[in-house]
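**Q** Here the protein sequences come in this chain order: A and B.
Be aware that the first sequence starts at 1, since it is given in my numbering, and climbs by one per residue.
Be aware that the second sequence starts at 331, since it is given in my numbering, and climbs by one per residue.
If you are wondering where the hints come from, they were derived from the structure by calculation, not from laboratory data.
Where a beta carbon is used, it is the ideal one built from N, C-alpha and C, also for glycine.
Warning: the hint list may mix true and false statements.
To be verified - Beta-carbon label-pair distances, calculated as ranges:
#  : chain 1 : residue 1 : chain 2 : residue 2 : range
1  : A       : GLU313    : B       : VAL390    : 29 to 39 Å
2  : A       : VAL168    : B       : SER393    : 20 to 30 Å
3  : B       : SER386    : A       : ALA86     : 22 to 32 Å
4  : A       : PHE176    : B       : HIS350    : 17 to 27 Å
5  : A       : GLY191    : B       : PRO394    : 49 to 59 Å
6  : A       : HIS318    : B       : TYR409    : 55 to 65 Å
7  : A       : LYS81     : B       : SER380    : 26 to 36 Å
8  : B       : GLU398    : A       : LYS81     : 49 to 59 Å
9  : A       : LYS79     : B       : SER393    : 44 to 54 Å
10 : A       : GLU313    : B       : HIS350    : 31 to 41 Å
11 : B       : SER386    : A       : ALA268    : 47 to 57 Å
12 : B       : LYS407    : A       : ALA32     : 15 to 25 Å
13 : A       : ALA118    : B       : SER393    : 31 to 41 Å
To be verified - Which residues of chain B face chain A? A few of them, derived with a C-beta cut under 10 Å, are:
#  : residue
14 : ALA361
15 : ASP370
16 : SER386
Said to hold, decoys possible - Just so you have them, the derived chain B footprint on chain A, three or more residues with Cβ under 8 Å:
#  : stretch
17 : 32-43
18 : 85-98
19 : 106-113
20 : 312-324
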Amino acid sequence: MYAQMVDTGLRKLRDAAELSPEERAFQARIDADVKVEPKDWMPEAYRRTLVRQIQQHAHSEIVGMLPEGNWVTRAPSLKRKAILMAKIQDEGGHGLYLYSAAETLGVSRDDLIADLHAGKVKYSSIFNYPTLNWADIGAIGWLVDGAAIMNQIPLCRCSYGPYARAMVRICKEESFHQRQGFDIMIAMAQGTAEQKAMAQDALDRWWWPSLMMFGPPDADSVHSAQSMQWKVKLLSNDELRQRFVDQTVPQAEYLGLAVPDADLKWNAERGHYDFGAIDWSEFHAVLKGNGPCNRDRLRTRVKAWEDGEWVREAAVAHADKRAARAARAA
Amino acid sequence: MSKEWPLWEVFIRSQHGLAHKHAGSLHAADAEMAIRNARDVYTRRNEGVSIWVVRSSDVVASSPGDREALFDPAQSKVYRHPTFFPMPPEVKNI
Chain A
1 MYAQMVDTGL RKLRDAAELS PEERAFQARI DADVKVEPKD WMPEAYRRTL VRQIQQHAHS
61 EIVGMLPEGN WVTRAPSLKR KAILMAKIQD EGGHGLYLYS AAETLGVSRD DLIADLHAGK
121 VKYSSIFNYP TLNWADIGAI GWLVDGAAIM NQIPLCRCSY GPYARAMVRI CKEESFHQRQ
181 GFDIMIAMAQ GTAEQKAMAQ DALDRWWWPS LMMFGPPDAD SVHSAQSMQW KVKLLSNDEL
241 RQRFVDQTVP QAEYLGLAVP DADLKWNAER GHYDFGAIDW SEFHAVLKGN GPCNRDRLRT
301 RVKAWEDGEW VREAAVAHAD KRAARAARAA
Chain B
331 MSKEWPLWEV FIRSQHGLAH KHAGSLHAAD AEMAIRNARD VYTRRNEGVS IWVVRSSDVV
391 ASSPGDREAL FDPAQSKVYR HPTFFPMPPE VKNI
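Chain B extracted, bound-state conformation:
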């Protein structure tokens, strides 16, 4: 059996002004083919105006085991949200 085409992650920007968002993944022999395949697989209904592809093997991800260390500290910092500060009703535009 021949070598399997590598896996690519596909990111699509749906409209001008929005960020690229992960759409899914696909196989392609090279970057150019990955863009073409992404166009056929993920933008058949005008879902995008721009495509990024990146080799899946190049993605570095946080590990589920680090979830608490990474994300728990933010839970106790509710003062980072504007709703933490009650405003007197007579004060406007704030």
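Next comes chain A alone, as it looks inside the complex:
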């Protein structure tokens, strides 16, 4: 998802007997759905896992502004441009809510950003794909934000209070993102033959990367099991992916577009859609830094940070000067 394959630092799930009394009390509170708050005692591995997860999530929001920013100057109308800018501004806001939530765990935002720029921390694989035609902006809202909502709604109930509260705010805004995306897809799919072909092209390219957003099948993942026990992950990758497919296929049918999967078919017995095998080698290549846009995305982020350095310094110098002047006058 926006945070994929979060490492918990633990090799296996421990049972109650292996936990310290403090850890056992902590787990009991989580089992009773009591929220963990910043000043509460928490196991170091829980804290570190959350820092990783929340910062990956935050970085994804910020890097996610880039593929969309590509279309601000080329949006087909003033209305679409205003909507796109509002959406991109939201993504920036989401990143800020999440950085603040991470900071309650005793890390600094500048350090988190330095980790991203040094390549120590990932952002979602999905943002390493290019936005080649205007329908891609529709497909991102519809599919990528749709997949994000699928993941983020359960996280509103996660065990860490500041993360859960940030998620509530984000989910309220995310729904606008998905609908504006579908609105673009409707306009394109019901437009000229050329526009419909662009919509189909966008769906063809974004479908599989969207399914990969949920992360690898988690059958053997010790990290997923630990994250679920701590309630920082509420549903498994496969469960969320299935829900996403079930929800999205009828929407594609409405648009009159074909989902690019020859194996996709309704399974009446399961009550779900069956779908084809995902090419996980592509996912791992993108995570390793070899997606179509990895280098470009990181370069753009680092440049924005470095170009803004003098502004950050000037603002601090100005604030210090005014504070000193006020102190002298007092």
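Use these hints to put chain B onto chain A, whose structure you have.
**A** Only chain B this time, still in chain A's reference frame:
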């Protein structure tokens, strides 16, 4: 690396007549910038009619370790709630 902007806590009053409520936090070089940033980060959809910002380092908070000492005594004082007193059904307006 330059000095990191300090952290501020943001409180928003959603409508006239309601109290300011904690919305979240943000970084800003000074109070004026904190108000401007709060406007962009926390009131993009008419969430507020008034903003307070306070330096996070100025917030004094109770500690989780004091939870029992501070809050447990109230648990045994159920008579502080009106529902503690059953009223005869024929008595009205009370």
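**Q** Indicate, hint by hint, whether the structure satisfies it.
**A** Cross-check of the supplied hints:
Under the hint 29 to 39 Å, the C-beta atoms of A:GLU313 and B:VAL390, about 31 Å apart, fit the expected range. Checked against the hint of 20 to 30 Å, the C-beta distance between A:VAL168 and B:SER393 comes to roughly 26 Å, which is consistent with it. The hinted range of 22 to 32 Å is satisfied by B:SER386 and A:ALA86, whose Cβ atoms lie roughly 28 Å apart. Checked against the hint of 17 to 27 Å, the C-beta distance between A:PHE176 and B:HIS350 comes to roughly 26 Å, which is consistent with it.
Evaluation of the 49 to 59 Å hint for A:GLY191 and B:PRO394 yields a pass: the beta carbon distance comes to about 58 Å. Checked against the hint of 55 to 65 Å, the C-beta distance between A:HIS318 and B:TYR409 comes to roughly 57 Å, which is consistent with it. For the pair A:LYS81 and B:SER380, the supplied restraint of 26 to 36 Å holds, since their beta-carbon distance comes to about 31 Å. Separation of B:GLU398 from A:LYS81 is about 56 Å and conforms to the stated range, judged on CB atoms against 49 to 59 Å.
Checking the proposed 44 to 54 Å range against A:LYS79 and B:SER393 shows it holds: the Cβ atoms sit about 52 Å from each other. For A:GLU313 paired with B:HIS350, a C-beta distance near 32 Å keeps the hint of 31 to 41 Å intact. Restraint check, B:SER386 to A:ALA268: a C-beta distance of roughly 55 Å satisfies the suggested window 47 to 57 Å. Taking 15 to 25 Å as the suggested C-beta distance range, the pair B:LYS407 and A:ALA32 conforms, at roughly 24 Å.
Distance hint for A:ALA118 and B:SER393: a CB-CB separation of about 35 Å, consistent with the stated range 31 to 41 Å. Below 10 Å, beta-carbon pairs count as interface contacts, and B:ALA361 has one with chain A at about 9 Å; its hint therefore holds. The criterion of a C-beta within 10 Å of any C-beta in chain A is met by B:ASP370, whose closest approach is roughly 7 Å, and the hint holds. The interface hint given for B:SER386 is met, as the beta carbon of that residue sits about 9 Å from the closest beta carbon of chain A, less than 10 Å.
A count of 4 residues in the stretch 32-43 of chain A with a Cβ less than 8 Å from any Cβ of chain B is obtained; the coverage claim is therefore met, three being the minimum. Evaluation of the coverage hint for the stretch 85-98 of chain A: fulfilled, as 6 residues show C-beta separations to chain B shorter than 8 Å, against a requirement of three. Counting residues of the stretch 106-113 of chain A whose CB lies closer than 8 Å to any CB of chain B gives 3, so the stated coverage by that chain holds, three being the minimum. Counting residues of the stretch 312-324 of chain A whose beta carbon lies closer than 8 Å to any beta carbon of chain B gives 8, which reaches the threshold of three, so the coverage claim holds.
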